[in-house]
Amino acid sequence: MPELPEVETMRRGIEPIVGRRVLQLRRPRTRLRSIAISPRLSDFRRRVEGARIAATARVGKRVVVELRPGPNRPGEAARGGNGRGVDRIVFEPRMTGLVLLANPPDDEHVRLVFELSGRSRRKLLFWDRRGLGVVRLLSPRRFDEECGPARIGPDALEIPAAVLCQRLAGNRRAVKVALLDQRAVAGIGNLYASEILHRVGIHPETRCCELRPGDWPKLHAAMREVLLEALRHQGSTLRDGTYRTAGNRPGGYQFCHRVYQRAGQPCLQCERESIVRIVQAQRSTFFCPRCQRR
DNA sequence: CATATGTCCTGAGAGC
DNA sequence: TGCTCTCAGGACATAT
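Mapping the first sequence onto this note's numbering, position 12 (from 1) lands on 13, and the numbers just tick up by one.
Rather than coming from a laboratory, the hints here were simulated on the basis of the structure.
Warning: the hint list may mix true and false statements.
Straight-line alpha carbon distances no greater than 20 Å define the calculated EDC-like cross-link-like pairs of lysine to aspartate or glutamate that follow [claimed, not checked]:
no., residue 1, residue 2
1, K219, E230
2, K124, E16
3, K219, D156
4, K124, E146
5, K124, E67
6, K124, D108
7, K124, E50
8, K219, E206
9, K219, E159
10, K124, D107
Estimated spans, in silico, between C-beta atoms of each pair [to be verified]:
no., residue 1, residue 2, range
11, E272, E226, 18 to 28 Å
12, E230, R122, 33 to 43 Å
13, V19, R152, 17 to 27 Å
14, E146, C271, 45 to 55 Å
15, P106, D156, 24 to 34 Å
16, P251, R294, 45 to 55 Å
17, G248, R41, 29 to 39 Å
18, R41, P218, 43 to 53 Å
19, N104, D145, 30 to 40 Å
20, E226, P106, 22 to 32 Å
All C-beta atoms, glycine included, are put in the ideal place defined by N, C-alpha and C.
Go ahead and model the full structure; you've got the sequences and the hints to work with.
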């Protein structure tokens, strides 16, 4: 489940594509259902082939590739260049999607292939085992609708503590569930929500509105620490081995997990209690009943 | 409006 | 061993 650290690692890994041109877009035929793309392939192709890649970015858990108009679209040249009038490719990995600049884990789950210009003939791949991922080519207006502040809140690594507090403090939901709300704060998923709450010593079932004002700066600090540490380790590759960097290598943060997928094992903080697994909003939550009291 | 639940999908692993 | 069943969860649609 690529979350902020994994998605940012993928984005950094594809940086070498900046300055290249998309020569061809292909969707390999497989026995699997095809993933959702928009617009349809023929329109996607017409708009992307020939375009030059201007920059990469990340919006929450999405990888963004900014384009400049190509030579096959001379009429577009006038409004390109300032980064606002350009189309963007938005990769949404969701559960098992990967953005790769290397050989994929296997061939049958390669969903899209962007052939790039350059001597090395590199390919940008979207690989997705379960196929829940989405790839879109968005005009500036559509990008704002799909990825703007109305849909995706401030990034977890950018948001100030006071804003985090302001956006969540009145919430009646459990803090673990609220942290997963991408409109409130963007980039946290199921894995890091548990890790963050363990680090700050907050019980995951505590309602946001029950937290004391002094808890928010601590939660904010723990959030940054966990996400930055995971980013340094290039994300977490879980037991199923799905997540890989853009270079098709595993991350290393799974060896630092203190609670996630550690039910029944001793808490590394107190070394007395065992980690417990509960279900909140149909998702697993892991915590230490001793270090995280209500 | 805020909050809760159902749905999509494939493959791994459990249980018999 | 080979079958069936359950589960994993991000984002969005729909329900309460």
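Evaluation of the provided hints:
no. : hint                      : verdict
1   : K219 <-> E230             : holds (16 Å)
2   : K124 <-> E16              : holds (13 Å)
3   : K219 <-> D156             : holds (17 Å)
4   : K124 <-> E146             : violated (29 Å)
5   : K124 <-> E67              : holds (16 Å)
6   : K124 <-> D108             : holds (13 Å)
7   : K124 <-> E50              : holds (13 Å)
8   : K219 <-> E206             : holds (17 Å)
9   : K219 <-> E159             : holds (16 Å)
10  : K124 <-> D107             : holds (15 Å)
11  : E272 <-> E226: 18 to 28 Å : holds (21 Å)
12  : E230 <-> R122: 33 to 43 Å : holds (36 Å)
13  : V19 <-> R152: 17 to 27 Å  : holds (25 Å)
14  : E146 <-> C271: 45 to 55 Å : holds (47 Å)
15  : P106 <-> D156: 24 to 34 Å : holds (28 Å)
16  : P251 <-> R294: 45 to 55 Å : violated (35 Å)
17  : G248 <-> R41: 29 to 39 Å  : holds (31 Å)
18  : R41 <-> P218: 43 to 53 Å  : holds (48 Å)
19  : N104 <-> D145: 30 to 40 Å : holds (35 Å)
20  : E226 <-> P106: 22 to 32 Å : holds (30 Å)
The structure shown violates the earlier hints numbered 4, 16.
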